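Chains A and B, in that order, are what the protein sequence lines are. Sequential numbering from 1 applies to the first sequence in full-length UniProt numbering. Sequential numbering from 1 applies to the second sequence in full-length UniProt numbering.
Calculated from the structure, these hints are not laboratory results. Hints may contain errors.
Copies of the same chain look alike in the list, so a pair counts if it works inside one copy or between any two.
To be verified - Below, computed lysine to aspartate or glutamate pairings styled on EDC-like, alpha-carbon distance capped at 20 Å:
| # | residue 1 | residue 2 |
| --- | --- | --- |
| 1 | Lys-322 | Glu-72 |
| 2 | Lys-361 | Glu-345 |
| 3 | Lys-322 | Asp-120 |
| 4 | Lys-362 | Asp-252 |
| 5 | Lys-199 | Asp-231 |
| 6 | Lys-241 | Glu-22 |
| 7 | Lys-361 | Asp-11 |
| 8 | Lys-285 | Glu-198 |
| 9 | Lys-199 | Glu-157 |
| 10 | Lys-322 | Asp-175 |
| 11 | Lys-285 | Asp-303 |
| 12 | Lys-362 | Glu-345 |
Since this is a predicted model, take the numbers as computed values, not measurements.
Number of protein chains: 2
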Amino acid sequence: MGFKFSVLQTDNQTRARLGLLETTHGPVQTPVFMPVGTQATVKTMTPEEVRSVGGRLILSNTYHLYLRPGHELIRGAGGLHRFMGWDGPILTDSGGFQVFSLGPLRRVEEDGVRFRSHIDGSEHYFSPEKAVAVQEALGSDIAMAFDECAPYPCTYEQARAAVERTTRWAGRCLDAHRSPEQALFGIVQGGVHRDLREKSACELLELNFPGYGIGGLSVGEPKEMMYAVLDFTVPLLPVDKPRYLMGVGSPDCLLEGVARGVDMFDCVLPTRIARNGTVFTRRGKLVVRNAEYARDFRPLDGDCGCYTCRHFTRAYVRHLIKAGEILGIRLTTIHNLYFVLRLMENIRQAIREGNFEQFRKKFLAGWQA
Amino acid sequence: MGFKFSVLQTDNQTRARLGLLETTHGPVQTPVFMPVGTQATVKTMTPEEVRSVGGRLILSNTYHLYLRPGHELIRGAGGLHRFMGWDGPILTDSGGFQVFSLGPLRRVEEDGVRFRSHIDGSEHYFSPEKAVAVQEALGSDIAMAFDECAPYPCTYEQARAAVERTTRWAGRCLDAHRSPEQALFGIVQGGVHRDLREKSACELLELNFPGYGIGGLSVGEPKEMMYAVLDFTVPLLPVDKPRYLMGVGSPDCLLEGVARGVDMFDCVLPTRIARNGTVFTRRGKLVVRNAEYARDFRPLDGDCGCYTCRHFTRAYVRHLIKAGEILGIRLTTIHNLYFVLRLMENIRQAIREGNFEQFRKKFLAGWQA
Chain A
1 MGFKFSVLQT DNQTRARLGL LETTHGPVQT PVFMPVGTQA TVKTMTPEEV
51 RSVGGRLILS NTYHLYLRPG HELIRGAGGL HRFMGWDGPI LTDSGGFQVF
101 SLGPLRRVEE DGVRFRSHID GSEHYFSPEK AVAVQEALGS DIAMAFDECA
151 PYPCTYEQAR AAVERTTRWA GRCLDAHRSP EQALFGIVQG GVHRDLREKS
201 ACELLELNFP GYGIGGLSVG EPKEMMYAVL DFTVPLLPVD KPRYLMGVGS
251 PDCLLEGVAR GVDMFDCVLP TRIARNGTVF TRRGKLVVRN AEYARDFRPL
301 DGDCGCYTCR HFTRAYVRHL IKAGEILGIR LTTIHNLYFV LRLMENIRQA
351 IREGNFEQFR KKFLAGWQA
Chain B
1 MGFKFSVLQT DNQTRARLGL LETTHGPVQT PVFMPVGTQA TVKTMTPEEV
51 RSVGGRLILS NTYHLYLRPG HELIRGAGGL HRFMGWDGPI LTDSGGFQVF
101 SLGPLRRVEE DGVRFRSHID GSEHYFSPEK AVAVQEALGS DIAMAFDECA
151 PYPCTYEQAR AAVERTTRWA GRCLDAHRSP EQALFGIVQG GVHRDLREKS
201 ACELLELNFP GYGIGGLSVG EPKEMMYAVL DFTVPLLPVD KPRYLMGVGS
251 PDCLLEGVAR GVDMFDCVLP TRIARNGTVF TRRGKLVVRN AEYARDFRPL
301 DGDCGCYTCR HFTRAYVRHL IKAGEILGIR LTTIHNLYFV LRLMENIRQA
351 IREGNFEQFR KKFLAGWQA
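So here's chain A without its partners, still in its complex pose (with noise of 0.2 Å):
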C-alpha cells in the first residue's frame, strides 16, 4: 500500500536511470510510458491485452471519466479499476490540460475553470480541489494536481501567470488531498522558459510531492526545443522523485526523453495513428493503408514479435482497415503499443547493462522521423 519510488541504477554517460515505483497496485519498474486509456478502455483494448502487450501502469483521463460515465458511478462500481477490469497500477490526469484545451467552451477564474461540455454542452466547474476530489473517487494510485498549462506559442507574461497559478493551485490540490493510498503529483509549468522553469521547479519543490509532471511540452513546439527545455528542467528535479513528461510517445523522444533523465511517459499517438492505419517499424511510420501494401504478405514489422506480426501479413491488414473492419485498427493498435512498449523494455535493460547511449544511438541511426 501506499507509493514508493527508487532509482535503481544510473547511466554514466546520459542522465537516463532505471528505478522501481510502488504503488497501491503493484510495482512498476520505469523508465515507463503508460498507454493512454481516456474513457476506462485503452482504445480497442481488453485489459489482458493491454497487459499482454506490455503494458502494466496505464493513464485514464479526468475530464472524460467525470462527464461520462461520471465518478461517482464509477466510485459506486468500486472505483476505476474494478470498474474497467483492469487491477494494475492507474495514472490519472487532473483535467486541467482538456479543460484549458476546450478554447471558447471554458472561463478561467482564480478559483477554478468554468466549462461547458464537449458532448452535451452542459455547464461545469473545476476546481483543484474537485478535481483532487473526482481522482480520489475514481480511486488512481497516481493522481496529479490541477494546473494550467499555458499554449505553445505563447507570451511570457502568460507563461509566467500559468506558472503562479500552478503553484497557488497545487498548495491547494494538496490541502484538499487525502486518500493515503494515492500519491499526488505536482506539474511543472513554464513553457519554453529557462527563469520560469526554475521558478516553478522551485515553488513546487517546497511542497514537496512525490513525484513531478513536466507539463507545457509536446504542445506544438519544435523537438529541439523540447529537448533544449528538458535539459535545463529535469536538472531542477529532486533525483529520487519520479519525473513524468506529460504527453510524449514517438519512439525517438521517449529515447531522448530517458536520456534527460525522465521516468514517465504518455501518450495517445501510438494508438491514434494505428487507428488512422499508421503503424511503427523499426525504421521509422509505416502506412499500411496504402495501396503499395495490397499485396505484401510479409508482417507489418519483420522484427517484430507481436500478435498481429506473429499472424497477420501487411495486405491483410490493409484490407481490414480499407473495409472499415474493427479487426484492422485492434491489430495495428496492438502492434504499436507493443512496439513502443518493447522499446522501453530495451531502454531499460540497455540501462541496467551500461549501454544505454550505445542503444540510443544505434536506434535513431535506423529510425526516419
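For chain A, the structure is supplied; the task is to place chain B on it using the hints.
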C-alpha cells in the same frame, strides 16, 4: 481431406439429429451454427476469439471478398484460411443472395447477373461458373451453388421461375466445379409453396450434391410460416446428407430448426444486434445501452460463462457503448456468439442424452422473443 457427413444419432420425438461433418480443415459436430465473417473477419474478433467462444465452422461472403480485396489477391495469399489466419473449416456462400439483394443495381439474365458494386459502382458479372471459380480461388471447404433467391412476398410464377433457374444454374455449377478438397452444396428454393419445394428438391437430388441448403427462408415471412415450410421441406432431403438452413440465427429459430431436422445454420443476427448494444440472455434480448443499466453492476447474463460476463458489468458495457468505444461492441459480440454457440452445444448434448424435446420446451418457456 475431402468431405464426409455422418449422422451419429437421431432423436426419438423430433427430427433432430446429431452428426459429424468432416472437411479438409477438420471435423465439425452438427447441429452447428456458423458465425459470419463477411469480409474475411468475424466482425470485431480475432480467429482465436472466434474459437474461444466455440466457433468451429465459419461462413464468409463470396460477393464481398470478390469485390474487396478480390479473390485473386486471396488466392495469392494462399487462400482465405491463410489470409485471415483461420485454420478451421470455412463455408462460402455463392454471392447469389447478395447480388439479388442489390435491386436496381443488378440485371438478371439466363447466363448470369450483371451488377454494380455497392462500394464504387463499378460493373461486374456473376454467373454460376464465375461463382464456382471465385469460391475455388478462396479455397473454402464448402462452397454453395449460385442460386436465385425469390423475395418474400412474390407471386407463385416468380417463385416457380426461381426454382427452375436455380436447377439449371445448379447443373452448371456442378459442371464447372473442379476442387476435390471443396464440397459444393445445392440450394433448394420454392418459397412457401409445398409443390415448388418438392419440385426443387426433386430436381436437385438428381444432381446428387453432397449437401443441401434450404434457401429463400428468413427473408421476411413470419416465423410460423418458416417452420411450416421446414416441416414439409426437410423430409424431401436425403437423410444421409447435411441440411443447411441459410440466414437463421435467433435462439428460438435455432431450436425449432434443429427440431425439424436442420444440421447447419448461419446468421449475422447475433453479431449485428451486439453492435447495436443488444445482448442475449436466458430470458430473451436485453438492450444494455438503455439508461436503466447505467448503474447495474451485474453481468450481462447471470447464467453466462463468457469472457464478458466473467469480467465486466452491464454498467461498464453500457458506458463503453454510449461513449462509442470499440471494446463495448467487442464485449457484446463475444457474449452473443458465446450464447448462441453454447446453445448449440447444449442442443447437441441434449440430443446425445435423448432429452432434446425437454430441453427445447424448457428453453422456449423461458425465452421472450
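Hint check results:
Proximity of Lys-322 and Glu-72 under a CA criterion of 20 Å is satisfied inter-copy only: 17 Å between copies versus 40 Å inside one chain copy. For the identical chains of this complex, Lys-361 and Glu-345 are intra-copy neighbours only, at 16 Å inside a copy versus 57 Å across copies, given an alpha-carbon limit of 20 Å. Within a single copy, Lys-322 and Asp-120 get their C-alpha atoms only as close as 31 Å, which misses the 20 Å cut-off; across copies the closest is 13 Å, which meets it. For the identical chains of this complex, Lys-362 and Asp-252 are intra-copy neighbours only, at 11 Å inside a copy versus 62 Å across copies, given an alpha-carbon limit of 20 Å.
When the C-alpha separation of Lys-199 and Asp-231 is checked against a cutoff of 20 Å, the pair qualifies only within one copy, where the shortest distance is 16 Å, while the shortest distance between copies is 85 Å. Proximity of Lys-241 to Glu-22 under the C-alpha cut-off of 20 Å is restricted to the intra-copy arrangement: shortest distance 12 Å within a copy versus 63 Å between copies. Taking the shortest Cα distances, Lys-361 and Asp-11 sit within 20 Å of each other inside one copy (15 Å), while across copies they are farther apart (71 Å). Taking the shortest alpha-carbon separations for Lys-285 and Glu-198, neither the intra-copy value of 36 Å nor the inter-copy value of 61 Å comes in at or below 20 Å.
In this homomeric assembly, Lys-199 and Glu-157 come within 20 Å of each other (Cα to Cα) only inside a single copy, at 14 Å, whereas the closest approach across copies is 89 Å. Proximity of Lys-322 to Asp-175 under the C-alpha cut-off of 20 Å is found in neither arrangement, the shortest distances being 52 Å within a copy and 35 Å between copies. With identical chains, the CA atoms of Lys-285 and Asp-303 are at most 20 Å apart within one copy only, with a shortest distance of 14 Å there and 46 Å across copies. For a Cα distance limit of 20 Å, the shortest separation of Lys-362 from Glu-345 inside one copy, 16 Å, qualifies, whereas the shortest one across copies, 55 Å, does not.
In the structure shown, a violation is registered for the earlier hints numbered 8, 10, in ascending order.
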